[in-house]
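Residue strings, one per chain:
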Amino acid sequence: RKEVEQDPGPFNVPEGATVAFNCTYSNSASQSFFWYRQDCRKEPKLLMSVYSSGNEDGRFTAQLNRASQYISLLIRDSKLSDSATYLCVVNRDKLIFGTGTRLQVFP
Amino acid sequence: DAGVIQSPRHEVTEMGQEVTLRCKPISGHNSLFWYRQTMMRGLELLIYFNNNVPIDDSGMPEDRFSAKMPNASFSTLKIQPSEPRDSAVYFCASSLGVTFSYEQYFGPGTRLTVT
Numbered sequence: 001r002k003e004v005e006q007d008p009g010p011f012n013v014p015e016g017a018t019v020a021f022n023c024t025y026s027n028s029a030s031q032s033f034f035w036y037r038q039d040c041r042k043e044p045k046l047l048m049s050v051y052s053s054g055n056e057d058g059r060f061t062a063q064l065n066r067a068s069q070y071i072s073l074l075i076r077d078s079k080l081s082d083s084a085t086y087l088c089v090v091n092r093d094k095l096i097f098g099t100g101t102r103l104q105v106f107p
Numbered sequence: 001d002a003g004v005i006q007s008p009r010h011e012v013t014e015m016g017q018e019v020t021l022r023c024k025p026i027s028g029h030n031s032l033f034w035y036r037q038t039m040m041r042g043l044e045l046l047i048y049f050n051n052n053v054p055i056d057d058s059g060m061p062e063d064r065f066s067a068k069m070p071n072a073s074f075s076t077l078k079i080q081p082s083e084p085r086d087s088a089v090y091f092c093a094s095s096l097g098v099t100f101s102y103e104q105y106f107g108p109g110t111r112l113t114v115t
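Residue numbers (my numbering), protein chains in the order written: chain A, 1 to 107; chain B, 1 to 115.
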């Protein structure tokens, strides 16, 4: 079993839709959490950190549930430019990356 | 501002050959990381350096892999001899701090194909 698990998708959604991605992690000693975005054949880039109280950055909302070892990312009002792979990342004295969830937004 | 610079961007080599990947981190960053990405295993940390000193190389697959950071502005990852299973995208990343809580900035990667 992988330490960070994500649904690989793809999620195909129309512009304007709301889409949610989930991620589970197995090591309760994990210290901090992130979502990275990776465009096709490009490098990963930090999208946002995830805090226990939940946090929002524009159309993006991240949630963390430490008891269930579960992280989520919600994207509202999807844009074509949101099409990418979203990587769930856990800091356990090193970054552990999920294999990513692919999102395709269509017109 | 220049980001993390990696070279070459693409490398095709034959099994048994030596491969050297190069990385220039962002100026002023204290930590440098080498990752490998494959479809099957995703992104995996190979080794990282703090202030040019290797801290954790437990992710290095085997003795065929070695990494150096002779100064704050340059690092290499060497594979000798290369094997087809080494085919992957190799990313270098750097960060300002010495813990994993700091944002890591990735280079564009080197796409390695070993035939």
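To be clear, the hints were calculated from the coordinates, so they are not data collected in a lab. Please note that a few of the clues may not be correct.
Claimed, not checked - Once the Cα atoms are required to be at most 30 angstroms apart in a straight line, the calculated DSBU-like pairs of lysine-lysine come out as: (1) A:Lys2 with A:Lys94; (2) B:Lys24 with A:Lys79; (3) A:Lys42 with B:Lys68; (4) A:Lys45 with B:Lys68; (5) B:Lys24 with A:Lys94; (6) A:Lys45 with B:Lys24; (7) A:Lys94 with B:Lys68; (8) B:Lys68 with A:Lys79; (9) A:Lys2 with B:Lys78; (10) B:Lys78 with A:Lys45; (11) A:Lys45 with A:Lys2.
Tested hints:
Our distance criterion of 30 angstroms between C-alpha atoms is met by Lys2 (chain A) and Lys94 (chain A), whose separation comes to about 15 angstroms. Of the supplied pair hints, the one linking Lys24 (chain B) and Lys79 (chain A) is violated, its CA atoms being roughly 34 angstroms apart against a limit of 30 angstroms. Annotation: proposed proximity of Lys42 (chain A) to Lys68 (chain B) holds, straight-line Cα distance about 25 angstroms (limit 30 angstroms). Distance hint between Lys45 (chain A) and Lys68 (chain B) is fulfilled; the C-alpha atoms sit about 25 angstroms from each other, no more than 30 angstroms.
Distance restraint check for Lys24 (chain B) and Lys94 (chain A): the Cα-Cα separation of roughly 21 angstroms lies within the 30 angstroms cut-off, and the hinted pair is therefore satisfied. Taken as a hint, the Lys45 (chain A) and Lys24 (chain B) pair is honoured in the structure, with Cα atoms around 17 angstroms apart against an allowance of 30 angstroms. A hinted pair counts as satisfied when its Cα atoms are at most 30 angstroms apart, and Lys94 (chain A) with Lys68 (chain B) qualifies at roughly 19 angstroms. A hinted pair counts as satisfied when its Cα atoms are at most 30 angstroms apart, and Lys68 (chain B) with Lys79 (chain A) does not qualify at roughly 42 angstroms.
Proximity of Lys2 (chain A) to Lys78 (chain B) is assessed by CA-CA distance (about 28 angstroms); at most 30 angstroms being required, the pair is judged to hold. Taken as a hint, the Lys78 (chain B) and Lys45 (chain A) pair is honoured in the structure, with Cα atoms around 25 angstroms apart against an allowance of 30 angstroms. For the hint pairing Lys45 (chain A) with Lys2 (chain A), the CA-to-CA distance comes to about 22 angstroms; that is within 30 angstroms, so the pair holds.
The structure does not agree with the numbered hints 2, 8 stated previously, though it agrees with the rest.
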